[in-house]
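Please construct the entire structure, taking both the sequences and the accompanying hints into account.
Number of protein chains: 2
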Amino acid sequence: MNNWKNNLRNIEPYVPGEQSKEKNIVKLNANENPYPPSPMAVKAIKEYCADSLRFYPPADATPLKQAIASFYGVNVENVFVGNGSDDVIALAFQSFFNGSEPILFPDITYSFYPVWCRLFNIDYETPAVDDNFRIVLDDYKKSNGGIVIPNPNAPTSICENIDFVDDLLSFNSDSVVIIDEAYVDFGGVSCVELVKKYENLLVTGTFSKSRSLAGLRIGFAIGSKALISVLEAVKNSYNSYTVDSLSVAAGVASINDREYFNSTVSKIINTRNYMTNQLRAMGFEVLDSSTNFVFASNKNIDIKDMFEYLKSKKVFIRYFDLPRINNYVRITVGTDREVQILLDEIKKYVGD
Amino acid sequence: MNNWKNNLRNIEPYVPGEQSKEKNIVKLNANENPYPPSPMAVKAIKEYCADSLRFYPPADATPLKQAIASFYGVNVENVFVGNGSDDVIALAFQSFFNGSEPILFPDITYSFYPVWCRLFNIDYETPAVDDNFRIVLDDYKKSNGGIVIPNPNAPTSICENIDFVDDLLSFNSDSVVIIDEAYVDFGGVSCVELVKKYENLLVTGTFSKSRSLAGLRIGFAIGSKALISVLEAVKNSYNSYTVDSLSVAAGVASINDREYFNSTVSKIINTRNYMTNQLRAMGFEVLDSSTNFVFASNKNIDIKDMFEYLKSKKVFIRYFDLPRINNYVRITVGTDREVQILLDEIKKYVGD
Chain X
0 MNNWKNNLRN IEPYVPGEQS KEKNIVKLNA NENPYPPSPM AVKAIKEYCA
50 DSLRFYPPAD ATPLKQAIAS FYGVNVENVF VGNGSDDVIA LAFQSFFNGS
100 EPILFPDITY SFYPVWCRLF NIDYETPAVD DNFRIVLDDY KKSNGGIVIP
150 NPNAPTSICE NIDFVDDLLS FNSDSVVIID EAYVDFGGVS CVELVKKYEN
200 LLVTGTFSKS RSLAGLRIGF AIGSKALISV LEAVKNSYNS YTVDSLSVAA
250 GVASINDREY FNSTVSKIIN TRNYMTNQLR AMGFEVLDSS TNFVFASNKN
300 IDIKDMFEYL KSKKVFIRYF DLPRINNYVR ITVGTDREVQ ILLDEIKKYV
350 GD
Chain Z
0 MNNWKNNLRN IEPYVPGEQS KEKNIVKLNA NENPYPPSPM AVKAIKEYCA
50 DSLRFYPPAD ATPLKQAIAS FYGVNVENVF VGNGSDDVIA LAFQSFFNGS
100 EPILFPDITY SFYPVWCRLF NIDYETPAVD DNFRIVLDDY KKSNGGIVIP
150 NPNAPTSICE NIDFVDDLLS FNSDSVVIID EAYVDFGGVS CVELVKKYEN
200 LLVTGTFSKS RSLAGLRIGF AIGSKALISV LEAVKNSYNS YTVDSLSVAA
250 GVASINDREY FNSTVSKIIN TRNYMTNQLR AMGFEVLDSS TNFVFASNKN
300 IDIKDMFEYL KSKKVFIRYF DLPRINNYVR ITVGTDREVQ ILLDEIKKYV
350 GD
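Sequence order for the protein chains is X and Z.
Quick note, in numbering that gives the first Met the number 0, the first sequence goes up one by one and the last residue is 351.
Quick note, in numbering that gives the first Met the number 0, the second sequence goes up one by one and the last residue is 351.
Don't take every hint at face value.
What the hints assert, rightly or not - Looking from chain X toward chain Z, a few residues come up when the C-beta cut is under 10 angstroms (computed): (1) ASN5; (2) LEU7; (3) ASN9; (4) ASP85; (5) ALA89; (6) PHE96; (7) GLU100; (8) PRO126; (9) ASN235; (10) ASP301.
Since the hints were derived computationally from the structure, they do not count as laboratory data.
Where a beta carbon is used, it is the ideal one built from N, C-alpha and C, also for glycine.
Right, dumping it as structure tokens:
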């Protein structure tokens, strides 16, 4: 009896940021966008003929792929879309990292990477970022089964330039390199153009951050036809329709509204710069951010205690109880008003 | 150079039914519902505050789980939801079938099952259904690594009764049994009540068929807390948010509108009965269907040729060029009008 329990998968899952059900909180803990999605995306949803939801979504989500291809100046065959960039990157791990050597990613980075390695039984090594949280390029110039670099990195907020990626690829012609650009629109430089130069480069992105569509789950990847076709085959061995019809419609409208995109991204960058200056003026060390969040520390205070204090004041930020970064907090850039509330509360806390 | 190509996953994907881009077709090839979703679901989408799509979906899609739990008379901890039932069943394969013995499913069944086995390296055996396309219970009374039975089965349309499932489970206490009830609402009897009796039973369902929401990708599973918690852990090791915010909202509204659900299901059953009688009157063998499609053959005609003829007349049905069933077609039950067009075309073809 109950032998079936021996065959159950035993695994430690990823734990996402806290989703409080409280109202009237200042929510700066999940790197969500403080501004609504493009009015064009909202309109696409309202005007979608919901009666036709009885049909399966468009095969291969083609309209969305076309819109992304057009935005990035690549061909449709170079674009893959999925149910959020987590879905896309997970499929990429499963599709590309089947060698015997360990894959490499930084010790301080997106905490889902080791979870996917455990899920797919992929060996991995985590070269340490330096004391300034910079990725050490030389650590990735050795034999490996694949490389994953988030650029900008999270939660550090630091972006490496395109020459860094070019150098990385020029050494690593024997393994697939994934550059995870979830945050690139907030001040980083995309390396999508290098996809034409390197057939083994996959660049991933998301509509959850700069496009304010976290609730719709849209992620994408851009790469050579060789890589994209493998992603498609693995995806189609799992679930034929991962992006639903409303997400396709809203995603197309969102990416076509360049003006709104540029204006909200600019606002976030301005608020981030203000927030960074104010925090530094209060004695915080704040890393130079190319993202919609800042990573900050303060030698003079117990940062975890500050995190708990802010929570009690209904200001939610993120604290990671992890080696090397347990004296830092990650704070999402909100609206000017939200950031002012945050800064006022921190001022009170620091002043105590 | 290019050694990375050796580590790419090489796999033969599932091929979904043809999605024609032609307008004015009679689309009876994908088992979609001919009626729109519940007006309550449509209203939930139109009235959803799309501005809040900037937030991630509700953690664990809790409102949707609650609505499903309430409909089926189980607890929330007994419900799992995913991005269509393909996502749910794929996760179940990955979560439960990690033993050394082969899993069992019928030789004639949903063609995604062997694809998932290849994806997750699961051994499988396919006991033959009998000459009347009935599943032979005794074939499943042997040592195995798991069992998957679609009930009603597809593409045969035949439903086994609840005693069949009870008998199956009473023998198989050592492996997880999945009953895939994608089509059960059209005349089958759900075995959800057996979940309270058997901790190793998982029942899966979908909003794509009887709830007309194929475009939104909502699937679910009902089972013991032991099984559901493993599904959650594996899901959360892959993608934290698989069901998007609009799908949660529309799904809740859909399942709460029992009246609309009952009325559209009744209409489809009536049309199916009419269609079955008419086809039989024209000399077709039509299996007794408990689904929203019929499985039909005709000794006097070349069925593949009829399938091609109908396609040329813009009437799309499904033909499988597979052993044992290559003289059958699967025809989705449409509206009365669509079915009349189909029958008129078949009459012309048979009369030729």
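Status of each hint after checking the structure:
For X/ASN5, the shortest C-beta to C-beta distance to chain Z is roughly 7 angstroms, which falls under 10 angstroms, so the interface hint holds. The criterion of a C-beta within 10 angstroms of any C-beta in chain Z is met by X/LEU7, whose closest approach is roughly 5 angstroms, and the hint holds. At about 8 angstroms, the closest approach between the beta carbon of X/ASN9 and any beta carbon in chain Z falls short of 10 angstroms, and the interface hint on this residue holds. Using the Cβ-Cβ criterion of 10 angstroms, the hint placing X/ASP85 at the interface with chain Z is satisfied: the shortest such distance is roughly 5 angstroms.
At about 5 angstroms, the closest approach between the beta carbon of X/ALA89 and any beta carbon in chain Z falls short of 10 angstroms, and the interface hint on this residue holds. Restraint check, X/PHE96 versus chain Z: the minimum CB separation of about 7 angstroms is within 10 angstroms; hint holds. For X/GLU100, the shortest C-beta to C-beta distance to chain Z is roughly 9 angstroms, which falls under 10 angstroms, so the interface hint holds. With its C-beta approaching chain Z no nearer than about 19 angstroms, X/PRO126 sits outside the 10 angstroms limit, and its interface hint is violated.
Given hint, X/ASN235 at the interface with chain Z, holds; its Cβ is 3 angstroms from that chain's nearest Cβ, closer than 10 angstroms. Interface restraint check for X/ASP301: the shortest CB-CB distance to chain Z comes to about 28 angstroms, outside 10 angstroms, so the restraint is violated.
Violated hints, listed in ascending order, are 8 and 10; each of the other numbered hints is respected by the structure.
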